[in-house]
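Since the structure of chain A is provided, determine the placement of chain B on it from the hints.
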Amino acid sequence: MENFSNVKVIAQKEFTDHLKSPVFLSFTATFTLVVLAWSYVQGTEVEYTLNVLGSPDIMRGFKGVAEVVGCFAPIIGIVLGFDAIVKEIRSSSMNVLLTHPVFRDNIILGKILGSGSCILLVLFFSINLATGVMLMASGLPITMQQIIRIEMFVSLTFFYALIFLAISIMISTIAKKSNNSFLFNLIFWLVITVLLAKLIFTVSYAFSEDLNIANSQTQTIKNFLPDYHFSATAVGIKDINTGLTSGIGGIFDTRYTLGAWAGEFWPNLAYLFVLPFILLIGSILAFLKKDITY
Amino acid sequence: MNKDSVLTLAQKEFSDKLYEPSFIVLLVIFTGTVLIYLQNRGGGDNFGEVVQVIAVFFPLIGIALGYDGIIKEKNNKSLNVLLTNPVFRDNIITSKFLGISMTLALVVFLSLIIIAASDFLISGKIAELDSLLRLLIFGIFTFLYLLTFAAFGLFSSVWCKTEIESLTFGVLVWINMCFAFGPTIIMLASIVSGQTLFDMTENFASTASLFQNISPLHHFAEITIGAQDLSYYGGFGIQKDVHGFLDTHYSLPYLLRYYWQNIIILLILPLLFLAASYISFLRDDI
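These protein sequence lines map, in sequence, to chains A and B. Here my numbering is used: the first residue of the first sequence is 1, the next is one more, and so on. Here my numbering is used: the first residue of the second sequence is 1001, the next is one more, and so on.
Some hints here could point you the wrong way.
Claimed, not checked - Derived EDC-like pairs: lysine to aspartate or glutamate, alpha-carbon spacing no greater than 20 Å straight-line: (1) A:LYS198 x B:ASP1119; (2) A:LYS177 x B:GLU1073; (3) A:LYS222 x A:GLU88; (4) B:LYS1003 x B:ASP1090; (5) A:LYS176 x B:ASP1090; (6) A:LYS177 x B:GLU1163.
Hints in this document: simulated from the structure, not taken from any laboratory.
Next comes chain A alone, as it looks inside the complex (with noise of 0.2 Å):
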């Protein structure tokens, strides 16, 4: 119980300064900032089917904006963790914090805690506002089915998230200052997120000259990414050959049901759930195992 206490005021002080930080402010702007203008673009694309066709793509819009926060928002995980570790050791606030009655894992729950709390606040907010503008932008109506699977969204996000607070809170641990841990941290997101699928595929062709070898190999290596298994959830899962999403187009998919949804990317979801608590308890055993001293 004092142990639970102990957690929830360090998650409580971690919460109230990264709301204050100055560092974490920016980066939500500029996220909202691009997150809504994308959402916008995508809306008017939206509005100008539904005037030359006929007939509303929503699912384009959904999918567009589903798209740019898979990109973005492993920076808001990376920008709540870089330092969480760091800068305490650096500035000798840790072993303060240590002759007090508080144990290392005490400490390190409540900064996942207090982070995690952020990261929610920051994708609800972001999130809801940037498919709003899309909607609106759109001209179309929005459902209560639509609202419904706009939060299971924010969900799957913050699951997501979570996987590079957990990354960034290790790297933060093992590095010895808190700049050259947000430089590390940003170079994962930019390889994981953006090169390393594009890469595998080319370097695959490269040495097998054999499309259909190079995609198989390419499709193995991104099981293992999280922004994959992100996309599949959100979008559906996209054929090798065409392009083209085939079965359930993600959670947006409106023409299924929420429980066909979860039956057809059940195991998409149980890595999106689970990896991040196997990352958090890395970070938590190596920061039990770390000489604090500076």
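Relative to the frame of chain A, chain B by itself:
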């Protein structure tokens, strides 16, 4: 005497940067990426994707080179020690800028050699003087474009109180300029002109073009491949007849006349940030 101290400091900055782990990791990843994108291109004449990779991702190297230039020295107290020697504040900024420029030139021209070598190897073409000259010009413009970000990093290192603040500031500018710029311009142009991208009106196009002028990415895109915007999340752009300096259908003097405004802007931007760094640092309480 001053020239000697500037050169000594610049040499030290250059050698320090070369051994920084974060710089080495960035260099290896980005050069490898360019090489692989080139391989993927399969020997065609379309450099667009390769130029986009350079335009979007390489500015992070510029930021990483410049963000701790002054602030690190200030926080380590080594700046105080340095200024007890007969070295003036402007010497320090000049030498930092020179050191960063040398490192950046090394990165750009090393990548360029890889581009040229692999292009000729993949396509089987024989290297002609004109192609090499155009690649060299492309390298110079890439250097100037990245120098803008490095100079901005240097400016923020003078202006900010901590290294992490300076890095954050640089990364925010990078994300806004290279990722978010395209959709943001479309949204702004829509609000100002009252029309959307899909209305395809002259009014929308001219408003978007006007806003695009504030970005170094736009000028780099125009000058190299004739595109209006290369930001990662698709922007507004009309492909012009002239495809930048890599377009061999036009002579170099013609292209110089055609793109003189973009060239001047790319030349001026790093100098503007350098001047801002001078002014800020000369008045700074260290």
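The hints, checked one at a time:
1. A:LYS198 x B:ASP1119: holds, 19 Å
2. A:LYS177 x B:GLU1073: holds, 15 Å
3. A:LYS222 x A:GLU88: violated, 35 Å
4. B:LYS1003 x B:ASP1090: At roughly 11 Å apart (the allowed maximum being 20 Å), B:ASP1090 and B:LYS1003 satisfy the hint.
5. A:LYS176 x B:ASP1090: Status violated; Cα separation ~31 Å.
6. A:LYS177 x B:GLU1163: holds, 10 Å
Hint compliance for this structure: hints 3, 5 are broken, all remaining hints hold.
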